[in-house]
Amino acid sequence: MTTTMHGPRRRALLAAGAGLVATAPAVRAQGFPERPITLLVPFATGGYNDRLARAMAPFLQKHIGQPVTVMNRPGGATVLGNTFFLQQPDDGYMMMVHSAAPFIPVSIITRNARYRVEDFFMINLPSRDATVLACAADKPIRTVEEVVASLRRDPRSLSVGIQPASADLVNFALFCQAHGIERSRVRVVTYDGGGPARNAIAGGVVDVGLVGAEGFLPIKERIRPLLIFSDEKSTDYPDAPILTEHARVAGFAPQFVEGSQRGFVVASRFVQAQPERYRILLQAVERATKDPDCIATLGGQQLATTWYGPEASNRAYRATSALMERYAELLRGN
Amino acid sequence: MIDTAAFAGAVAMLAGSLDAWVWVVPGLLIGLVFGALPGISVSMAMALVLPATLYMEFLPAIIFLTSVYTGAGFGGSIPAVLINIPGTSSAVATTFDGYPMARQGRHNEALGAALFASCIGVLISYLVLLLLVQPMAEVVLRIGPYEMAAIGIWGMVLLGSIGGASVAKGLFAAGLGILFGTVGMNTAGYMRGDMGIPWLLDGIPTIPAMVGLLAASQLFALVNAKFIVEAESERRISLRRILAGGAMVLRSPLTLLRGSAIGVFVGAVPGIGSSIANLLSYGEAKRSAADPSAFGKGDVRGVIAAESANSSSEGGSMATMLALGIPGGGATAILLAAFAMHNVIGGPRFMEQSRDVVYAIILSNFAQAAILVVVGTIFVYGASTIVRLPLRYLIPSVLVVSTMGAFAIEGSIAGPITLFVFAVLGWLLSRYGFPVAAVVVGLLLGRLIETEMLRAWQLAGGDPWYVLNYPWAVAIVALMLVSLALSVRRDIRRRRAVRDAASPG
Amino acid sequence: MERAQAPRQPAWAELAVVTALAAGVLAYLIEARGVSLDPQNLLLLQPTAWLVLGLWVVIAAGCLMRRADPAAPRESAGEVLRVLTMVAAFGLFIAGLERVGYDVAICVFMLAGLLIGGERHPAALLLFPPIFTLAVVHGFRLLIPYPFPTGLL
Numbered sequence: 001m002t003t004t005m006h007g008p009r010r011r012a013l014l015a016a017g018a019g020l021v022a023t024a025p026a027v028r029a030q031g032f033p034e035r036p037i038t039l040l041v042p043f044a045t046g047g048y049n050d051r052l053a054r055a056m057a058p059f060l061q062k063h064i065g066q067p068v069t070v071m072n073r074p075g076g077a078t079v080l081g082n083t084f085f086l087q088q089p090d091d092g093y094m095m096m097v098h099s100a101a102p103f104i105p106v107s108i109i110t111r112n113a114r115y116r117v118e119d120f121f122m123i124n125l126p127s128r129d130a131t132v133l134a135c136a137a138d139k140p141i142r143t144v145e146e147v148v149a150s151l152r153r154d155p156r157s158l159s160v161g162i163q164p165a166s167a168d169l170v171n172f173a174l175f176c177q178a179h180g181i182e183r184s185r186v187r188v189v190t191y192d193g194g195g196p197a198r199n200a201i202a203g204g205v206v207d208v209g210l211v212g213a214e215g216f217l218p219i220k221e222r223i224r225p226l227l228i229f230s231d232e233k234s235t236d237y238p239d240a241p242i243l244t245e246h247a248r249v250a251g252f253a254p255q256f257v258e259g260s261q262r263g264f265v266v267a268s269r270f271v272q273a274q275p276e277r278y279r280i281l282l283q284a285v286e287r288a289t290k291d292p293d294c295i296a297t298l299g300g301q302q303l304a305t306t307w308y309g310p311e312a313s314n315r316a317y318r319a320t321s322a323l324m325e326r327y328a329e330l331l332r333g334n
Numbered sequence: 001m002i003d004t005a006a007f008a009g010a011v012a013m014l015a016g017s018l019d020a021w022v023w024v025v026p027g028l029l030i031g032l033v034f035g036a037l038p039g040i041s042v043s044m045a046m047a048l049v050l051p052a053t054l055y056m057e058f059l060p061a062i063i064f065l066t067s068v069y070t071g072a073g074f075g076g077s078i079p080a081v082l083i084n085i086p087g088t089s090s091a092v093a094t095t096f097d098g099y100p101m102a103r104q105g106r107h108n109e110a111l112g113a114a115l116f117a118s119c120i121g122v123l124i125s126y127l128v129l130l131l132l133v134q135p136m137a138e139v140v141l142r143i144g145p146y147e148m149a150a151i152g153i154w155g156m157v158l159l160g161s162i163g164g165a166s167v168a169k170g171l172f173a174a175g176l177g178i179l180f181g182t183v184g185m186n187t188a189g190y191m192r193g194d195m196g197i198p199w200l201l202d203g204i205p206t207i208p209a210m211v212g213l214l215a216a217s218q219l220f221a222l223v224n225a226k227f228i229v230e231a232e233s234e235r236r237i238s239l240r241r242i243l244a245g246g247a248m249v250l251r252s253p254l255t256l257l258r259g260s261a262i263g264v265f266v267g268a269v270p271g272i273g274s275s276i277a278n279l280l281s282y283g284e285a286k287r288s289a290a291d292p293s294a295f296g297k298g299d300v301r302g303v304i305a306a307e308s309a310n311s312s313s314e315g316g317s318m319a320t321m322l323a324l325g326i327p328g329g330g331a332t333a334i335l336l337a338a339f340a341m342h343n344v345i346g347g348p349r350f351m352e353q354s355r356d357v358v359y360a361i362i363l364s365n366f367a368q369a370a371i372l373v374v375v376g377t378i379f380v381y382g383a384s385t386i387v388r389l390p391l392r393y394l395i396p397s398v399l400v401v402s403t404m405g406a407f408a409i410e411g412s413i414a415g416p417i418t419l420f421v422f423a424v425l426g427w428l429l430s431r432y433g434f435p436v437a438a439v440v441v442g443l444l445l446g447r448l449i450e451t452e453m454l455r456a457w458q459l460a461g462g463d464p465w466y467v468l469n470y471p472w473a474v475a476i477v478a479l480m481l482v483s484l485a486l487s488v489r490r491d492i493r494r495r496r497a498v499r500d501a502a503s504p505g
Numbered sequence: 001m002e003r004a005q006a007p008r009q010p011a012w013a014e015l016a017v018v019t020a021l022a023a024g025v026l027a028y029l030i031e032a033r034g035v036s037l038d039p040q041n042l043l044l045l046q047p048t049a050w051l052v053l054g055l056w057v058v059i060a061a062g063c064l065m066r067r068a069d070p071a072a073p074r075e076s077a078g079e080v081l082r083v084l085t086m087v088a089a090f091g092l093f094i095a096g097l098e099r100v101g102y103d104v105a106i107c108v109f110m111l112a113g114l115l116i117g118g119e120r121h122p123a124a125l126l127l128f129p130p131i132f133t134l135a136v137v138h139g140f141r142l143l144i145p146y147p148f149p150t151g152l153l
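Residue numbers (UniProt numbering), protein chains in the order written: chain P, 1 to 334; chain U, 1 to 505; chain H, 1 to 153.
None of these hints come from the bench; they were simulated from the model. Since the model is a prediction, treat every value here as computed from it, not as a measurement. Glycine included, C-beta positions come from ideal geometry on N, C-alpha and C. Treat each hint with caution, since some may be false.
Unchecked claim - Where chain U lies over chain H, by a calculated footprint (3+ residues, C-beta under 8 Å):
#: 1; region: 81-95
#: 2; region: 103-112
Said to hold, decoys possible - Below are the EDC-like pairs computed for lysine to aspartate or glutamate, each with C-alpha atoms no more than 16 Å apart in a straight line:
#: 3; chain 1: U; residue 1: K226; chain 2: H; residue 2: E31
#: 4; chain 1: P; residue 1: K220; chain 2: P; residue 2: E232
#: 5; chain 1: P; residue 1: K220; chain 2: U; residue 2: E352
Using the sequences plus the hints, can you model the full thing?
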């Protein structure tokens, strides 16, 4: 749509935009934005990011004074979407809603993507997911200690469902290392997506498995969460033990990486080149995120609206990226 | 098994709400149009109307989306029959006999049969959904890699050498297809054959490749012909003959029921879906027929088998979605997203608490199947005019529309390039007597088989005897071997009989 | 029952096609083995590739041993040339999509397609391509969420 925009139409929109001067004076003074904003989702329709983008769109629209549309560009574990996004002009008319960490660093490590971690700048990553170790509710396994004992006795005794090249895999590797489990001998079954891995765990196809906690929510009753890779109790699974506790009891230093961190992303190049426009986008996202209507609506859809802001979000993104880089060999499957 | 109070509630809900009905016909029409456009799949059609449903009430929104689903399920068969283009990946097997029928001037019957088989398939699948939703969902969730690999291999064996004159060429084509299916990153994370092209990491784009192989190659071969249907007198479009095609469906109840059963079950398994169901059903119909050699040459049973299976997989995948909250494929993923946008979380709790809404959705789909008979007949009547267009207009037009459809899948030039490469390949292969359909089957099943065999291997930790822990998979493979042995024996006998007849003395 | 022996006439074109495909398969196999020799990489790929290469021997031998079949319908050189022109036009169309824009490419290809198909009526040649292009470009703009580059429209 951006590529087919020509002079007359642009002027018409400008004129139409002039009518909105009263609603957002700071924005209009600069003339940005003068046409619709696109939210690019590098995943297929129906996933968390897509739902987040679509749910946020009306509130962003309200605070930015221009229509906001959602565009999906899935493929290649976000490589296609990321590459497409960086090819767009630095005019601020496109933002991404993305599981930026760990998808961007992992795509660089495992898919030889040509962009760098620093090419992306986080505005806010409200959704933070954690890896959960779980089994089907009808399996005889009751606690994480049983899993550890079984795998230490014989690494081949349990099959483990997991996504290759994911935060979950890194967490599993750290877990094995801490407990002295010989990971290369464990029967690891790979699934190319959180959905299929979750189904295999819930159906008891694999004995245990590691998937992001969000994915389990619709079928909570069918699984037994054994361990959450986090340092704070989960509100969704209040009874599940967390890694820091587990590590304290077992006597090792807790080490884990966060699961998917999702939210609004722009290009670093754009932030440098257009600080004013960046500020306008930032303000709009912040206002929309804090809008009580937005909080209520998104809450009803089990979508996160926490405001961490760019500083904390970028810190989290960089930290996850650095950790992923440290486990690059592992992620590449060597 | 049916909660009568909730059932009555559902009837009241549908009877009292005009909103729930006004969207059915537009939904079916949108589905038909999108399904009939090559490249635009069921899930894309639903994704495109999803934003519109945001502003509707919950029930009308879901009914609108399922109408699109139902319409698109049949829409794909129209270009499959008329120009050998499977409008969606679930109409591949429809081309095998539907297109030969069209070339013989029996396009009316083929489309009529496809339409009735689709409608009855939808009806049967929702009936199964109404009665067996919970037990089916339980079974489906437990299906693991062994069973899935067995299903994939079964399909490959049934269809591997489809339509080939020589066994060697058939197997060569099927092997080629499987290899195409393995390009890109596999489930264990190994990347091969991507030639440094980023979009090949996800594998060869299936739909453009398929359209290229089946349709574009066929269009090149038709450059020297005048019309799809050679005989002018056969180019008529006749309501009577469309209905006669529908009647053929009723005369093959076994094919229809078997196709629907395969469709419901395979459709319910997450990650397999209608494109595999229609291949399996076609393969089974061919294998169990008294005269398998009639298939591929314009046998209406082939069309019935394929269409009953692909449309009944809708009910199957709805079962998994409603009972478990798990999307079996793209279409149900979008339905779940629509649920979420209305603050409804699909899954077991929704089934428990809103049984009346679930029944209302099911009942509405019964109505949709019935309405589709009428809307579909009108649509088919219009679409059939394609056979009256001279090929000099039709060929470039269809190539352009296919190219745009291939672009629409990912919004990049990757689709059109794939379309072209596979069109040339398909043309060359069919020119030298290789069965192009076998390449398509290999492409569709190859990735499934690799993924599931790999997981089976991982689950076994490399131990080949581990498979004995999976009696169902062993049973499927054993059944397959027995049926294969029987059909080989039959083939040998028949060949011997033919030879004896040909050379007296 | 044997027919009178027809003279041998190897099917060179078919041999070339099947050999090119087999070469592609071999290259793919070598590339995949270069990625990793782990069974998790080669489980299905390697046996299938060997099967295809084995079948190549059978088919290639068949091509060389082929005997002329006088009953087979022969297409004229003109007909083959026409198909090849169509293939080439389609290839140029795909290559031109992003370069000259979808609208221009479609319009030119439609004109070429009509000419190749044998349409000579000037009114049809002048009117059909632009009208069809207009319909396709506007129709797909409505249908698909992605922008596509256009030259004029």
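Hints the structure fails to honour: 3 and 4
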